[in-house]
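**Student:** Chains L and U are the protein sequences, given in the same order.
Take the first sequence: its letter number 227 is residue 251 in our numbering, and every next letter is one higher.
Take the second sequence: its letter number 217 is residue 241 in our numbering, and every next letter is one higher.
Since the hints were made in silico from the structure, they are not lab data.
Some hints here could point you the wrong way.
Restricting the straight-line Cα-Cα distance to at most 25 Å, the calculated cross-link-like pairs of lysine-lysine (PhoX-like) are [unchecked claim]:
1. L:K97 with L:K27
2. L:K171 with U:K173
3. U:K173 with L:K173
4. L:K157 with L:K135
5. U:K173 with L:K27
6. L:K173 with U:K97
7. U:K173 with L:K135
8. L:K173 with U:K209
9. U:K27 with L:K27
10. L:K211 with U:K140
11. L:K171 with L:K68
12. L:K209 with U:K209
13. U:K171 with L:K135
14. U:K27 with L:K171
15. U:K234 with L:K173
16. U:K135 with L:K173
17. L:K173 with U:K27
18. L:K173 with U:K171
19. U:K209 with U:K97
20. U:K135 with L:K209
21. U:K211 with L:K171
22. L:K173 with L:K157
23. L:K211 with U:K211
24. L:K26 with U:K171
25. L:K140 with U:K173
26. L:K171 with U:K26
27. L:K26 with U:K27
Stretch by stretch, here's where chain U covers chain L in the computed footprint (C-beta under 8 Å, at least three residues) [said to hold, decoys possible]:
28. 31-40
29. 169-179
None of the values given here were measured: they were computed from a predicted structure.
Positions of the beta carbon are idealized from the N, C-alpha and C atoms, including for glycine.
2 protein chains.
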Amino acid sequence: MKKIDVCLSPELLHLHNTTNSIVVVTDIFRATSCMVTGFAYGVKSIHPVETVEECKALQDRGYIGAAERNAQKVEGFELDNSPFSYMDDRLVGTSVAMTTTNGTRSITMAKPNAVKVIVGAFLNLEAVVNCLKNQPYDVLVLCAGWKGKVNLEDTLFAGAVVNALRDEFHVAEDGAMMAYELYDKAKDNLLGFLATSSHIRRLQRLGIQKDITYCLQKNLYDVVPVLRGNELVAM
Amino acid sequence: MKKIDVCLSPELLHLHNTTNSIVVVTDIFRATSCMVTGFAYGVKSIHPVETVEECKALQDRGYIGAAERNAQKVEGFELDNSPFSYMDDRLVGTSVAMTTTNGTRSITMAKPNAVKVIVGAFLNLEAVVNCLKNQPYDVLVLCAGWKGKVNLEDTLFAGAVVNALRDEFHVAEDGAMMAYELYDKAKDNLLGFLATSSHIRRLQRLGIQKDITYCLQKNLYDVVPVLRGNELVAM
């Protein structure tokens, strides 16, 4: 039986053997929600990089540059980290270079060992789940967290994946059980459950309540971004 | 207002600033449950060490040696890692040297920076809570986990502490919220909630169901072990 596990922080990724696993990276607020939205609106590819410098270098080579640090846009780049910024006709067919505080780092960390790295968000939950059902590998959901610490929203997404797969996959470890139990408690009111979480408070101070509401919607899009070489493309 | 936070694994401890915090180390199955039981039954001190070699050296110097790896007693030592082994008149007034897979390492990791390191288990939950209420510092509950990974039982204990302190302390971070929410879901039936957890299955294979049931009892003892120098003593 295939296994599903959850890694609650990239700081714990080294404890997981992913050589037989598809890794689903999630950063609900807001990197992976942006990525999914971008592909749904016609972006051709997204190149995730760890540093602002790498992102600038790619922008100089013709990529659309998207750089976020501490939940805010870095000066000198074209795109911020709001999913609404990706609903833009000018992005259709373009290549985006993206760096964020947590999400893009998790993708580059997962890449060396995993069978495949895909990108998940509530926005494409069902598409991710169907993709995972129709393949022979184990699954690890990697929560991007916040600067190494665990966070609620990514854990809830991981729990939603466990919930959808638990009849067909073996839920092997406590990380996956914790995520599932939290999702089971929160599923009927994700926004209410998250109301006092640290990241929601951080984002609310920045006045982006509409991003929060948007990122918690399920199954808006069918697209599953997958890493091919150094770039994410639509599967 | 004082803050309370939870660190779900010793691998994440470096992300927490504990210079103004009392750290409560917990390893429910079974290191900290053993320690609390030992002090309740008259042990004078417990010297936690990271390696089996250090434990052996202390045993050679007259300590009672207790060494566990992978939930089993290491050959050549006097005590195993069952709390029932600490209910022994021969231990009254003695000094124990202890090394375990997870719990003792967490104590030695927490020591350099924290204001104070104390030991918590369900067995002394209320005593720990009262101790934390009557002091001016922030609180970090450090879950020992399993070889760096998170586990359910330590997280539930952390959630029980958050639950008891949340009116008087600021619950600042998502780690603490996750622990609280899980405890809130599990509190009426800890054993049932844990029935499928990885460590319960590991321990059940070893035939120590009675240890599990015992370690989930609340408030059997009033003692709070505290680290003074290199040794735990009763506060």
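**Student:** For the pair we were handed, K211 (chain U) and K171 (chain L), check the Cα-Cα distance against 25 Å.
**Tutor:** 30 Å, violated
**Student:** Does K173 (chain L) pair with K97 (chain U) here, judged by a C-alpha cut-off of 25 Å?
**Tutor:** 34 Å, violated
**Student:** Sort out whether K97 (chain U) lies within 25 Å of K209 (chain U), counting only the CA atoms.
**Tutor:** 34 Å, violated
**Student:** What's the verdict on K135 (chain U) and K209 (chain L), does the C-alpha distance respect the 25 Å limit or exceed it?
**Tutor:** 35 Å, violated
**Student:** Tell me if the straight-line CA distance from K26 (chain L) to K171 (chain U) falls inside 25 Å.
**Tutor:** Between K26 (chain L) and K171 (chain U) the Cα gap is close to 23 Å, so the pair holds against 25 Å.
**Student:** Is the hinted pair K173 (chain U) and K173 (chain L) satisfied, with a Cα-Cα distance of at most 25 Å?
**Tutor:** The hint holds at about 14 Å.
**Student:** For the pair supplied as a hint, K173 (chain L) and K27 (chain U), confirm whether the alpha-carbon distance does not exceed 25 Å.
**Tutor:** 16 Å, holds
**Student:** Is the straight-line distance between the alpha-carbon of K211 (chain L) and that of K211 (chain U) 25 Å or less?
**Tutor:** With a Cα-Cα distance of about 20 Å, the restraint between K211 (chain L) and K211 (chain U) holds, given a limit of 25 Å.
**Student:** Decide if the proposed pair is consistent with the structure: K171 (chain L) and K68 (chain L), CA atoms, cutoff 25 Å inclusive.
**Tutor:** 29 Å, violated
**Student:** Quickly compare the C-alpha distance for K173 (chain L) and K157 (chain L) to 25 Å and report which way the hint goes.
**Tutor:** 29 Å, violated
**Student:** If you draw a straight line from the CA of K97 (chain L) to the CA of K27 (chain L), is it 25 Å or shorter?
**Tutor:** Outside the cut-off at roughly 38 Å; violated.
**Student:** For the stretch 169-179 of chain L, do three or more residues have a beta carbon lying closer than 8 Å to a beta carbon of chain U?
**Tutor:** n = 8 at 8 Å, threshold three: holds.
Comparing the model with each numbered hint stated earlier shows that hints 1, 6, 9, 10, 11, 15, 19, 20, 21, 22, 27 do not hold.
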